[in-house]
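Participant: Going down the list, the sequences are from chains A and B.
Here our numbering is used: the first residue of the first sequence is 1, the next is one more, and so on.
Here our numbering is used: the first residue of the second sequence is 284, the next is one more, and so on.
Just so you know, the hints here were simulated from the structure itself, not pulled from any lab data.
Just so it is clear, the structure is predicted and the values come from calculations on it, not from any experiment.
Glycine included, every Cβ here is placed at the ideal spot set by N, Cα and C.
Take the hints with a grain of salt, since some may be wrong.
[Stated by the list, open to error] According to the in silico footprint, chain B covers these stretches of chain A (three or more CB under 8 Å from chain B):
id	stretch
1	86-94
2	111-125
[To be verified] Pairs of lysine-lysine residues, derived as DSS-like cross-links and limited to a Cα-Cα distance of at most 27 Å, are as follows:
id	chain 1	residue 1	chain 2	residue 2
3	A	K127	A	K117
4	B	K374	B	K289
5	A	K117	B	K485
6	A	K160	B	K289
7	A	K160	A	K127
8	A	K117	A	K136
9	B	K426	B	K378
10	A	K100	A	K120
11	A	K136	A	K160
12	A	K105	A	K127
13	B	K485	A	K136
14	A	K105	A	K120
15	A	K136	A	K177
16	B	K289	A	K120
17	A	K100	A	K117
18	B	K289	A	K127
19	A	K120	A	K160
20	A	K120	B	K485
21	B	K386	A	K160
22	A	K127	A	K100
23	B	K485	A	K100
24	A	K136	B	K386
25	A	K160	A	K177
26	A	K127	B	K386
27	B	K485	A	K177
28	B	K289	B	K426
29	A	K136	A	K120
30	A	K105	A	K117
31	A	K120	A	K177
32	B	K374	B	K386
Given next are the chains, with one letter for each unit.
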Amino acid sequence: MALREGVGPFGALRYTARDLATRARRRVTTQQETQLMVLTPDFATRPVISFQHVHKTYPTGTEALRDVNLEVPEGDFLFLVGPSGAGKSTLVRLLIREEKPTRGKIFVDGIELGRMKRRKLPYYRRKVGLVFQDFKLLPNLTVFENIAFAMRVLGEPDHKVQARVAEALDTVSLSGKENSYPSSLSGGEQQRVAIARALVHAPRFIIADEPTGNLDPATAWEIMQLFLRINARGATVVMATHNREIVDLLRRRVIAIDAGQIARDDRSGRYHEDVAKPQVRAQ
Amino acid sequence: MLRNLKFALNSAWQSFWRNLAVSLAAVLSITLILILAGTNLIIGHAFSQVLDGFRQKVSEISINVSDDTPLQTVYDFQQQLAADPRVTSVKFVTKDEALTQFKSDPQNGILAQQIEGNPLDAKLEVHVANLSDVSAVDALARKWSGIDPTDPTNYQGDFVNRMLQLSQWLGLAGVALLLILMVVSVVIVMNTIRTAVYHRRKEIEVMKLVGATEWFVRGPFVIEGIMTGLIAASVALSLLVIAYQPAVDRFKSDVGFIPLSYDPAFISSLAVDLLLAGALLGALGSYIGVRRYVRI
Numbered sequence: 001m002a003l004r005e006g007v008g009p010f011g012a013l014r015y016t017a018r019d020l021a022t023r024a025r026r027r028v029t030t031q032q033e034t035q036l037m038v039l040t041p042d043f044a045t046r047p048v049i050s051f052q053h054v055h056k057t058y059p060t061g062t063e064a065l066r067d068v069n070l071e072v073p074e075g076d077f078l079f080l081v082g083p084s085g086a087g088k089s090t091l092v093r094l095l096i097r098e099e100k101p102t103r104g105k106i107f108v109d110g111i112e113l114g115r116m117k118r119r120k121l122p123y124y125r126r127k128v129g130l131v132f133q134d135f136k137l138l139p140n141l142t143v144f145e146n147i148a149f150a151m152r153v154l155g156e157p158d159h160k161v162q163a164r165v166a167e168a169l170d171t172v173s174l175s176g177k178e179n180s181y182p183s184s185l186s187g188g189e190q191q192r193v194a195i196a197r198a199l200v201h202a203p204r205f206i207i208a209d210e211p212t213g214n215l216d217p218a219t220a221w222e223i224m225q226l227f228l229r230i231n232a233r234g235a236t237v238v239m240a241t242h243n244r245e246i247v248d249l250l251r252r253r254v255i256a257i258d259a260g261q262i263a264r265d266d267r268s269g270r271y272h273e274d275v276a277k278p279q280v281r282a283q
Numbered sequence: 284m285l286r287n288l289k290f291a292l293n294s295a296w297q298s299f300w301r302n303l304a305v306s307l308a309a310v311l312s313i314t315l316i317l318i319l320a321g322t323n324l325i326i327g328h329a330f331s332q333v334l335d336g337f338r339q340k341v342s343e344i345s346i347n348v349s350d351d352t353p354l355q356t357v358y359d360f361q362q363q364l365a366a367d368p369r370v371t372s373v374k375f376v377t378k379d380e381a382l383t384q385f386k387s388d389p390q391n392g393i394l395a396q397q398i399e400g401n402p403l404d405a406k407l408e409v410h411v412a413n414l415s416d417v418s419a420v421d422a423l424a425r426k427w428s429g430i431d432p433t434d435p436t437n438y439q440g441d442f443v444n445r446m447l448q449l450s451q452w453l454g455l456a457g458v459a460l461l462l463i464l465m466v467v468s469v470v471i472v473m474n475t476i477r478t479a480v481y482h483r484r485k486e487i488e489v490m491k492l493v494g495a496t497e498w499f500v501r502g503p504f505v506i507e508g509i510m511t512g513l514i515a516a517s518v519a520l521s522l523l524v525i526a527y528q529p530a531v532d533r534f535k536s537d538v539g540f541i542p543l544s545y546d547p548a549f550i551s552s553l554a555v556d557l558l559l560a561g562a563l564l565g566a567l568g569s570y571i572g573v574r575r576y577v578r579i
């Protein structure tokens, strides 16, 4: 059992067999993970997310994305940055298939999203954990019910729901708050509930749209730690954000979007272009 | 599957009570519509009851036999009529019997006393199975040699035809009314459920984001619609059942000559109709009402 436990800043981490396998494949030790919480994505393997010449024009005529090419390897942690209206949200909406690309192809885990049948969509969404700026918690459900919701939808049996929700609450350090209602929680706590809901069904992808947008810097940092831990367990994380400090501090992959195009793709980037450092283009 | 059904049932039940005001508004609307529909059915049933009563009377045709017809000819014709598939029964009434019949009718009291001898014809009383065949039997009888040429047959021919037409029109009007009521109630349920859905659109959004299938989202609403419909149907049914007998009694005492009667057997068929209609309308209204929000 000792092998299965590691000590992180939020207490004991539990690993599933797949996490261990992922870590073994990536040669990441428990020590590395707890110290750095960094998975080194393997850019040489087939990407799990890939945008190929993606254009998106809304019916109003707004050209939100122009010829976007992007490859994300499994286990990557990437920030989407850029001014408001640059196309970050459109990219996120395309990823969760709220929108279809006007031109080009988007592949996630081998599925082409633009050609996916409507009735297949729910099954795709189950592979993805979503976190939003406004949390999207249901006010009339308790913390437990909110998290369990994501599993009930899958038709999981009660005992499994109970166990997994408890585990997820433990991961986000909210054990004991099961019966609270979202309105009685702080913003940071609410976002942690949302994250617990996003990871309770063990998705392979976490897509977050401004998850720290409504939080103060200290809380935002706590939330980021959570995302890093989820990433360290093997999930691929895509996060649109405006939070310069966090992006600069973490030095993870940064994709800057400007006027619907990818302006910069930096494997360990900053929020603003780093003048001192020569640009490394992925691919 | 069963687990999803349980979830849907729970969710529908909770939603019904959580949005009690909206739910009650829906129940009330559907109740009123089902009362109208039920009243329509009861009136239709009463009308067919009355019509059946009349039918018994008017499907009788009497063929007057002229006095000089040999008895054998009359018997032959009686045989011929009895063999006709349209005819249920033929009865020969002699002149004497006809006179006795005439005298025994209290309406003919004064007239009967003034009668000298027997001016009445012997007659064949023919019961026809189907109202619409009465005129055909009449035509057949008129060609018979033994018929009294001055007063050949007696039947309420025009009346019969009018009744037939009337019953057809009334049936059509009843169906049209039922259709209109159904459309109205579907629209009402649809709007009510749409209000409920609007209150829960965030929940639906979250459901869809975490990968709920369309039927998983729709299920609770459709069940809620069925619940609403069934409750409304029960209320409407009990009100109709309570009112049915007194209404019939009142009607009979006011308009005595119409053979209307209280028919307890009809209640069970009414119950099935109303409950089925309520459930169906609720389900359909919900399905349509929720569709716009469920579409991903």
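Participant: Hint by hint, work out which the structure violates, then give me just those numbers in ascending order.
Facilitator: 1, 4, 21, 24, 26, 28, 31
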